[in-house]
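Colleague: Just need the whole structure built from these sequences, with the hints factored in.
Residue numbers (the numbering used here): 277 to 617.
I should point out that these hints are in silico values taken from the structure, not numbers from a laboratory.
Remember, it's a predicted structure, so these values are computed and weren't measured experimentally.
One or more hints might be untrue.
Straight-line Cα separation of at most 20 angstroms, EDC-like style, residue types lysine to aspartate or glutamate; simulated pairs [said to hold, decoys possible]:
#1 K278 to D574
#2 K278 to E341
#3 K278 to E615
#4 K378 to D398
#5 K278 to D393
#6 K278 to D398
#7 K278 to E598
Beta-carbon label-pair distances, calculated as ranges [stated by the list, open to error]:
#8 L558 to P438: 14 to 22 angstroms
#9 G377 to D492: 38 to 46 angstroms
#10 A573 to L543: 28 to 36 angstroms
#11 R491 to R375: 39 to 47 angstroms
#12 P294 to G530: 39 to 47 angstroms
#13 N604 to S329: 21 to 29 angstroms
#14 G462 to R553: 23 to 31 angstroms
#15 L290 to A435: 42 to 50 angstroms
#16 R499 to T293: 51 to 59 angstroms
Glycine residues also receive a C-beta, built at the ideal position from the N, C-alpha and C atoms.
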Amino acid sequence: MKTVVLDQPGRLSLIETPAAPPPGPDEALVRVRRVGICGTDLHAFEGTQPYFSYPRVLGHELAVEVVATGSRVTVDGPRIGDVCSVEPYLNCGRCVACRRGKTNCCEHLQTLGVHTDGGLRDAFVVPVTKLHRAPGLSLDHLALVEPLAIGAHAVRRAAVIPGEAALVIGAGPIGLATMQFAWLDGARVIVMEINERRATFAHHIVGVEHIIDPRDRPVERLRELLNGELPVTVFDATGNAHSMMQAPQYLANGGTLVFVGLVQAQLSFDDPEMHRREITLLRSRNATGADFARVIADLAASRIDLARWITHRATPEAMIGEFAGWLNPETGVVKALIEWA
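Modeller: Right, here's the structure in full:
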């Protein structure tokens, strides 16, 4: 079958590999239809993604079609012909995190396209518990459920307060998803973004009240916008160490700081200042099945407009030559989508 492999940083290959095996009793064989490209894939291409090894088949933002199911899949499970979004976090079900419902940070987590091979191939086998059916949603939308779920999970972790200000730093896809769900949950969303094109994009597609340039008196600007106060919730979705270490200064005393992004570096903070202000620091990793269900429900109810999100498309053959260019901010990539079939 046709497969795209990231052999090493900077080198993708389109090769033929053996056909996918038949599904086990609790599995489904799925045909890949759409694959979204995200920051994790780009960082892996650069060689800067933590917990990553080569060679690897990328692809964890997936829209798939079920082509066969295992012997223990019941009538309530996915059926042949169903189109689904894939929850790509393969958890053990036994560790402390799993037993507490935190399957997104399982001690033995294997994420498709990161720790184990993902969806840039014709077909593969996946546990049926990781398939989310969504009748009526397009393949494009199904491929975007996963990044949206990451934003939904971060906002759920933060427990944003309707009517209160929430600052989102970084207007990449995960930042946009975070803004979307903070707005849906009633927050007054302010965005901090250095890239003018991304800032403008955020203003057009999400309910953003104000946009701040971090180079232009950001603390003062926040206080001007909020009657002398600071936001009670700050999300950093940059994956940039400098930005993450600067983020506490934007937060109100007693507020919550959520790191949605991931950086391969150590972070340091002034402990007396964090203590004095009793800042709550949260990390948000991946998403859970409940977050996938919430995103699918919001998409089905037309509460999210994804019309402008997909800025680039390619076939598996074309992506080999185009992928490197997507790392360049000047290309204006928000979300690139591989149309597999």
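Colleague: Flag every earlier hint the structure violates by its number, smallest first.
Modeller: 1, 4 and 12
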